[in-house]
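Residue numbers (the numbering used here), protein chains in the order written: chain L, 1 to 257; chain E, 1 to 270.
Read the hints as simulated data drawn from the structure, not as lab findings. The reader is advised that the hints may include incorrect statements.
The following residues of chain L were derived to be distant from chain E, with all beta-carbon distances above 10 Å [said to hold, decoys possible]: (1) 126; (2) 169; (3) 223; (4) 236; (5) 255.
Which bits of chain L does chain E cover? Going by a derived footprint, with three or more residues having C-beta under 8 Å, they are [what the hints assert, rightly or not]: (6) 66-80; (7) 141-148; (8) 180-186.
Ideal placement from N, C-alpha and C gives every residue a C-beta, glycine not left out.
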Amino acid sequence: MRAKAFLTAAAVLALAPLAACGDGGDDTSSGEAPTTLTVFAAASLTEAFTEIGEQFEAEHDGVTVEFNFAASSDLAAQITEGAPADVFASADEKNMDKVVEAGAAEDPQTFALNQLVIAVPEGNPDGVTGLADLAGLDFAACAPEVPCGTAAQTSIDTAALDLTPVTYEADVKSTLQKLVLGEVDAALVYRTDAIAAEGDVDAVEYPESSSAQNTYPITALAEAPNSDLAIEFAKFVLGDQAQAVLEAAGFQDPQAQ
Amino acid sequence: MDAMPAKRTRQRRRIPVALLVPAMAGLAFLILPLAGLLIRTPWAQLPSRLAEPAMLEALRLSLVTSTAATALSLVFGVPIAWLLARGDFPGRSLIRALVTVPLVLPPVVGGVALLLVFGRGGLVGAWLHERFDITIPFTTTAVVLAMTFVSMPFLIVSVEGSLRGADARFEEAAATLGAGRWTVFTHVTLPMIAPGVLAGAVLCWARALGEFGATITFAGNFPGRTQTMPLAVYLALQTDLEAAIVLSLILLAVSVIVLASLRDRWTAAP
Chain L
1 MRAKAFLTAA AVLALAPLAA CGDGGDDTSS GEAPTTLTVF AAASLTEAFT EIGEQFEAEH
61 DGVTVEFNFA ASSDLAAQIT EGAPADVFAS ADEKNMDKVV EAGAAEDPQT FALNQLVIAV
121 PEGNPDGVTG LADLAGLDFA ACAPEVPCGT AAQTSIDTAA LDLTPVTYEA DVKSTLQKLV
181 LGEVDAALVY RTDAIAAEGD VDAVEYPESS SAQNTYPITA LAEAPNSDLA IEFAKFVLGD
241 QAQAVLEAAG FQDPQAQ
Chain E
1 MDAMPAKRTR QRRRIPVALL VPAMAGLAFL ILPLAGLLIR TPWAQLPSRL AEPAMLEALR
61 LSLVTSTAAT ALSLVFGVPI AWLLARGDFP GRSLIRALVT VPLVLPPVVG GVALLLVFGR
121 GGLVGAWLHE RFDITIPFTT TAVVLAMTFV SMPFLIVSVE GSLRGADARF EEAAATLGAG
181 RWTVFTHVTL PMIAPGVLAG AVLCWARALG EFGATITFAG NFPGRTQTMP LAVYLALQTD
241 LEAAIVLSLI LLAVSVIVLA SLRDRWTAAP
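Construct the complete structure from the given sequences, taking the supplied hints into account.
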């Protein structure tokens, strides 16, 4: 019956972190009741949005911007299941459409474009210059279920090549991670992710990637706890200051196209 | 417990409220999420999902790898548990603490740790790669290793508990009667702790079957080779919530059937 005691202990252990999570969001009771704006953003926006969030906080006293960075499809599912978010920034239109169709948002605006590059170890030891060079190499790509995987497959199809990655990763960051850890020779990731990992990886641009450009839409959510601030944040992301951050991160300005 | 005769349960009708209330609340907490899944299940999709070759492949891979991981855990975990319970050496409590590290470590971190050891550039992996041209990541072997890493501690803790609870005097008596240490272990110790070993193996198997984080990090995701059911569920979740629910229910149903049939077999045994 030791096993029973152990099961109890295991259950308590498993619950402990959940309890800790529950406390996290409620610290708004003191003083001036600072507002927390919750932004659900695609994982590929991690670096740029963290900086944009700081800019937004600097312009808005008492406002804290909190991010939930994950795969757009996860975020869309969380939002349609009623997660209390203010803003949704997706890495593709498909997942934004899901949220709009569910009635959780309307009128999303495109704020950035992104496309794939071939990320290779720094110094490009295998001399990769284009997609065709991936034949015979171990490379990682995203799974076709997620936007970066759809883009990877489209660009491979455009090149009319028969290339199979060794792994279909669940998101772009884990795809890149496999390269950084040295487990693959190359990885198909967004230009922005390759730039974020500068120093570890080099980015090789390839023409077929423009056939699979990703569009990033943003919107304030219908059920946003801080509705006005949510609309303001979405506008802020479309403004010059935020666009400069996005461009430095490797995104393209949709207006420039 | 399950074998308790019906008569005795009827006599003991009065369950202390102090136990009943938290037990019921706890049960509701454990069962409600399952009910939530069942409510959202598109039952009409079930037959077509069950016939999908990709799904069957993921299910087969899951069952094979989690069983292999349980076998590995038994081969290595039972001796570890014996050392921890019966061995007398310095640093035993430190080792006991280290054994539970995979329980605490977020599985994704566990997967990265495995890459750092068994990956192409890892401590052991680099040597395997250069010497024997063996690469472990992105193979079914990697899935089994990831599962074993996260699930073996469950077996060790369970078996060690049983060993500590078992009366060591039986072992001493056997030794006095001339049995060697190995004979004592196989003929006296193992039969005594068999329920604990089985409980540990079940925990271990169940944990391996549900393993996600370490697997996707260390073994990657490739259909038919490393894509187990939890990975298939996660990826289905990216496009189709209902498909993901159906896949999880299939995994749940299969595991419940396997565990229930095993349990009947044990309780039928003397």
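Evaluation of the provided hints:
no. : hint    : result
1   : 126     : holds, 14 Å
2   : 169     : violated, 6 Å
3   : 223     : holds, 18 Å
4   : 236     : holds, 29 Å
5   : 255     : holds, 30 Å
6   : 66-80   : holds (count 4)
7   : 141-148 : holds (count 3)
8   : 180-186 : holds (count 3)
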